[in-house]
Amino acid sequence: MSGVSVTKDAEDAAPAANDLVVLSNVNKHFGALHVLQDIDLTIARGEVVVVIGPSGSGKSTLCRTINRLETVDSGDISIDGKPLPQEGKELARLRADVGMVFQSFNLFAHKTVLENVMLGQIKVRKADKKAAEEKARTLLDRVGVGVQADKYPAQLSGGQQQRVAIARALAMDPKVMLFDEPTSALDPEMINEVLEVMQQLARDGMTMIVVTHEMGFARSAANRVVFMADGKIVEEAAPDQFFSNPRSDRAKDFLSKILHH
Amino acid sequence: MNVLLDNFPAFRDGFIGTVSITAVSSLIALVLGVVVAGFRVSPVPPLRYFGTAWVTLMRNTPLTLLFLIFFFVVPEILFPGMSPFVLGSLALGFYTSSFVCEAVRSGINTVPLGQAEAARSIGMTFAQTLQIVVLPQATRTVIPPLSSIFIALTKNSAIAGAFSNAELFGWQKLMSDKGYDIVPVFIWVAIGYLIITFTISGLFRLLERRMEVAR
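Each protein sequence line maps, in turn, to chains A and B.
Residue numbering for the first sequence follows our numbering, starting at 1 and increasing by one per position.
Residue numbering for the second sequence follows our numbering, starting at 1001 and increasing by one per position.
With the rest of the complex left out, here is chain A (with noise of 0.2 angstroms):
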């Protein structure tokens, strides 16, 4: 991993070879409704980009097309230089590397906490039982839930469950991580302890795409905001200019409702 430190410039232009995640002209429907429109992203190695914007715009649409839980109509996407392959068994090893967190955590309800930051990496990595405990319990450790391993996720608490979910996902050793607003069904108490583990990983390197609408993170941890509405790219900023300095005049309108009140 390049150790990409957390200055909030937007990156001089990244070599080509450096690209990690590119849209290139992808279109989908979901029947009348255009939900994506000619969108254009490229995401460099090392980079984070905080994808927000009005709710409908697009934007957990974008998120799940990138590891292909949802198809797209047209248009490219590929992934460390490799096309999303289709459903089959190429596209699960694809999505082996892509890590994805959840808005509703989706952690397995019949598994132990432990069993499920295991389960991808005995499955699906073949790795030995006992490896797989040892890394699952150090990235429990890592995401600050190591005393829970035992329990099954019903009885830990939001925060509890979604950072279980962000080791599960770290588990098998992502080249990217996608958050589809992973603290959009959190109680505001626990926000914070989801988001300094996203800070952290951040901070280590990880490339991440973010579709939330933690501003306070945006600001913080990310590279670039990539602001959406009506299934369109409509502004794409380091943070600060984008808070400060938005030049649409969508974005300027969606500011101001979110920031004064």
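If you're looking for bench data, these hints aren't it; they were derived computationally from the structure.
Fair warning: there could be bad hints in the mix.
According to the in silico footprint, chain A covers these stretches of chain B (three or more CB under 8 angstroms from chain A) [to be verified]: (1) 1087–1094; (2) 1110–1117.
List time: in silico DMTMM-like cross-link candidates among lysine to aspartate or glutamate, alpha-carbon distance up to 20 angstroms [said to hold, decoys possible]: (3) Lys111(A) <-> Glu1212(B); (4) Lys130(A) <-> Asp173(A); (5) Lys175(A) <-> Glu1076(B); (6) Lys111(A) <-> Glu1117(B); (7) Lys129(A) <-> Asp141(A).
Just so you know, even glycine gets a beta-carbon here, dropped at the ideal spot from N, CA and C.
Given chain A, work out where chain B should sit, using these hints.
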């Protein structure tokens, strides 16, 4: 003078016949039903079509007709010389598998979609997602309807008696041919079925309780 004591060996053979055909066709129905349910929710269209066709065909054909096909058509074109027991078990197992499939599919639908999405997002294949994450969570909802389906299967096995299988209901015909009063005969037959069906519902209730404790 007692119909049961005088003819106990035949009754016992009938009882054992019903138990074995029930056990074998239950196994066939369970395995096939789960596999076809997997087909029906698969991302591969040909498998889905096959699953739908299987359920439509097996569930809507009268069981007696299915037996006729298995006893008079299947041996002619496919495997000649199969025993009536094998043919009967296959007919009953295939028929019941369509009901098992639908029960399992309804169980799969009760597992939140996010569970499967999470499994796929860590790189599990469709088969792994189904086996490791979805089916274990569907089991609890599937158990009560499965219990009913297997009890129905037990009673449906009587049709096999008409196709040269020794089973419980066939004993009734044997006894009435011998001139016994049919009321006690039917009572004994009913008791025989009750023993089997109560055992099945008891087993399933035990399973259900075991699952409750686990989560």
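Hint by hint, here is what the structure shows:
1. 1087–1094: Not satisfied, violated; 0 residues make the cut.
2. 1110–1117: holds (count 4)
3. Lys111(A) <-> Glu1212(B): With Cα atoms ~14 angstroms apart, lysine 111(A) and glutamate 1212(B) stay inside 20 angstroms; holds.
4. Lys130(A) <-> Asp173(A): Holds. Lysine 130(A) to aspartate 173(A) sits at ~17 angstroms (cutoff 20 angstroms).
5. Lys175(A) <-> Glu1076(B): With a Cα-Cα distance of about 59 angstroms, the restraint between lysine 175(A) and glutamate 1076(B) is violated, given a limit of 20 angstroms.
6. Lys111(A) <-> Glu1117(B): 16 angstroms, holds
7. Lys129(A) <-> Asp141(A): 18 angstroms, holds
Hint check: violations occur at hints 1 and 5; the rest are consistent with the structure.
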